[in-house]
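Order-wise, the sequence lines are chains A and B.
Here this note's numbering is used: the first residue of the first sequence is 1, the next is one more, and so on.
Here this note's numbering is used: the first residue of the second sequence is 1, the next is one more, and so on.
In short, the hints are calculated from the structure, not lab data.
Treat the hints loosely; a few may be bogus.
[Unchecked claim] In silico contact screen, one side only, chain A against chain B (beta carbon under 7 Å); selected entries:
no., residue
1, E26
2, H30
3, A61
4, A62
[Unchecked claim] Here are the simulated distance ranges between beta carbons:
no., chain 1, residue 1, chain 2, residue 2, range
5, A, L454, B, Q42, 54 to 62 Å
6, A, R49, B, K73, 23 to 31 Å
7, B, F104, A, L383, 45 to 53 Å
Ideal Cβ placement from N, Cα and C applies to all residues, glycine included.
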Amino acid sequence: MSLREYWSKLLALFTGRRELDGLQEEIETHLAMAMEDAEGTGIDPAEVRRRFGNRVAIGEAACNSWTFGLLESFARDVYYALRGMRRNPAPTCIALLSVALGVGATAVVFTAVKAVLIAPLPYKHPEGLVQFRSEYPRYPEQPRGDWMSWDDAREVSRRNRTLEAVASYRNAFVDLAGDSDEPPEALYGARITANLFPLLGVAPVLGRNIRPEEDQPGRPDVFVLSHNLWVRRFHADPDVVGKVFTVDGRGGTVIGVMAPGFNFPMRRTAVRTPSPHADFWAPLGVAREGGHSAVARLKPGVTLRQAQQDIGSISESLAVEFPLTNKGLVLQLHSLNDRVAGNAGGSLFLLLGASILFMLIGCSNVANLLLARGHDRQKEIALRLALGAGPHRIVRQILTESCVLAVAGGLAGYIVSIGAWRILPALSPAAIPRLASARPDAEVLLFSVAMGVLNGILFGVVPALRTVRGRGITGAHDRARSALVTAEVALTVMLVMLGGHLLGSFSRLVSTRPGFDAGQVVASVLLPSATRYRTPEARGAFFAKVLASVRNLPGVESAGTVDALPFSGENNGALVTAAETANGTEADAEVDSTGGQYLQTLGLRLLHGRYFQPEEMSPLNDSAVVSARLAERLWPGASALGRRICLNCRTAERPVWRRVVGVVSDAKHAALNERDKGAVYLAAGALHRAAFVVVRTQRPAADVERAIRRAVASIDPNQSVFLVAPLTSFIADSVADQRFVMILVFAAACLALALSAAGVYGVVAYATSRRRPEIGIRVAIGATPRQVHALLFRQGFTPVVLGVATGALLAIGALGGLRGSIPGLEQGVPSFASIAIGIVLLSAAVACWLPARKALQADPISALRHE
Amino acid sequence: MSTVDNPPEHLEFLQGTLEVLILRSLQIAPNHAFGIAKFIEQQSVSEFSVDNGTLYPGLQRLVQKGWITSQWKTSPNARRAKYYRLTAAGRKQLVTATSRWKRFVEAMSRVLAPGVE
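Excised from the complex, chain A in its bound form (with noise of 0.2 Å):
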């Protein structure tokens, strides 16, 4: 098409005006010309005219070389396509939120697990970073995870041949001071190597990164601040880089700032901290002993298998030189991003499947609208296909009219996931990282409108065809709304089964007993700087003031303290052996150095025996008390007071031997789905460990908060309280990441079933208000309201029973295969996949009792003549 030609055109697209006035004069005059000059000639006239042809199909053919042909065609059906969808609000509208709702709940979904899942780490070529774990293979009882001794990352450093460099980190607490305008505030955070940040490719925005020589005992401390924590308590200040504040007790320069978003490491271990980022990163110095986390950066070039070989046998060796601190122990190198994502893929697909399966369901709604609307429209179509159109043209037609529902579902659908995430971010867990800062964008928007446009193809081709190919005016139709329903149902109970299953096992593990009664306990944690209580006695004596002073505190029965408590994160384990068996029984269990009245602020009932004595907590004691499950492990039937057990006698140079003075209940430490493997709860120097003070009380967890804050604040002014908390706040945490997904699916499964249950309904009810006349046939020969009622509910039933049954094997078909590798599917409740079930036939048997109802109601008379 030359420009000129286009510019006409376009021209006369908007101004109307084309070169055709008179056009239709003009091949009158033609035809006049034309049967002028064949007069004489001997032909017949009329057959002059039936060579001249059309003169409506010619001028038609003139106007459309004035057009843009298929694109302005396309136009013209979606005019008639939003004409059609204004003239019937109803149905459109319900066509409409079921595509919302669907493509809605993929993209919301879909929202997480590109966050979560996709969106590459943020740092520089995440695929190169690598995350250390050690594991004990043999030995059960010694601590497995991300973490990696200080040595053998130093030995890992010198020997690989696979590794650009190797970085160290722990989680870290400090307290920053307070002055005239702030309290004082403890922070979470993590000391570092000075290779971190140039490990990840990242550097801080303002000021700079810490410098090797800063990175060694006894410098003074240096901080680089997260933006959140520079803004929110620095009031972004641009001067704050070279400033000195008081931490922990003595003076921090602040040497820069990171970039906002900016956050490492990803994955918390505590479950509950002031803030879910890390607020600052300073140098390890001397936090070296003991165990850090430790991440590397492969040579480019090197795959992960090469470098897990090469660090393999790295750890065999280094177990064969340092039998004393590496027996049994396996260095592994796992991707970063792996360990970032930890288990949160299997609770996304999870996810993701429903939202699916949700989705099909609009879509099997929306089939059935379209097909009842192609049926109406028979007549309509018939009288085209007569006049000459063709059907491609009708197919393209009826197929633009699903593509304009499509995509305005698919952009409502973003709109739905738009809203959804402004409420999301609060429910997200924090132990799936990343998934507070999800949000829908382009991408999210572009894979909606591409749902919706799949879902038009999806219920679009098949009621189009149907329509054209003209057939079934009403079995094939019937048919095909009968195999939808099916359908819709068994999508529908799957979903729904997948829901009620989901809620019957978060139900039965929160309703768990963790074994002690959390309702009245507050817990704070209380983390003396190390600086100024150096010494286990000083820690001790600054505890021993605290519990003194939370004890008198008005309301408080009782107070204690711990240096793990249940749910915190925070875990003992240890290999408790039992002396005077013959076979020196042997059994791995939670070991708690509880100060005060612990046990009894917990709710540990006692079974046998006593608890601890107040003067028991001195170091040298040797009186421990066990759990009934532990004692029933040791000794088994046989009574545990009196007896003695060692803690990791394996390992420890010097066996301390204790002695069992009594026995209380079960409690469950880590996790509320747990196995019982019992605990050893000891008062030696138990203060000088403690880190978390509880407290039992019947006044509000607020009230208690500020009188803890006070209590500490009297004592010492300088010290941070970390945090305070109900008890049950902190189990509640636990179970978050469980929480988001059967909320989730359990919202989906309750739209699932309105969707459905008013898909059903309206495609029954169709079914049956077409059949008036033959109803009122039946009648006016004598049919009982009885059998006709027998009958539309038989008809109108099967497709529902056949999609139950259909439904619920596909169901227990996929939550067996799915059972063990996604959390929170391992147990159900029968009675929720029933209750479910009873849900979706009762309001299809309502679905099929109206409309039947309706249509006997009617005078047969009045039905016959309706045709």
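We have chain A; now place chain B onto it with these hints.
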């Protein structure tokens, strides 16, 4: 093109042929649609038969390209008819197109000529 019972099979227009033929038919004098069709049929000794469903869009295309313009006039037998007239651009296009068609025809006949192998 017309019907099955039309004994001599007419030639089909090749892509772009009709436009040149229309331009050629207007070279000597302006003409109306019927005159154009008749001219083409007569000049081709009825080898070409112009279908009105093709002729009218063809005329519109030429108008859009600015090669012809139209005007209502009274015909010799006192009938009001729409007359098409070549523009300057149309004349130039006719010259170009004519020489291109001649080359095309020569090339075709060379290829198809009974062979000196």
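Now for the hints, and whether the structure bears them out:
no.	hint	result
1	E26	holds, 5 Å
2	H30	holds, 5 Å
3	A61	holds, 5 Å
4	A62	holds, 4 Å
5	A/L454 - B/Q42: 54 to 62 Å	holds, 59 Å
6	A/R49 - B/K73: 23 to 31 Å	holds, 25 Å
7	B/F104 - A/L383: 45 to 53 Å	holds, 47 Å
Hint violations for this structure: none, all hints satisfied.
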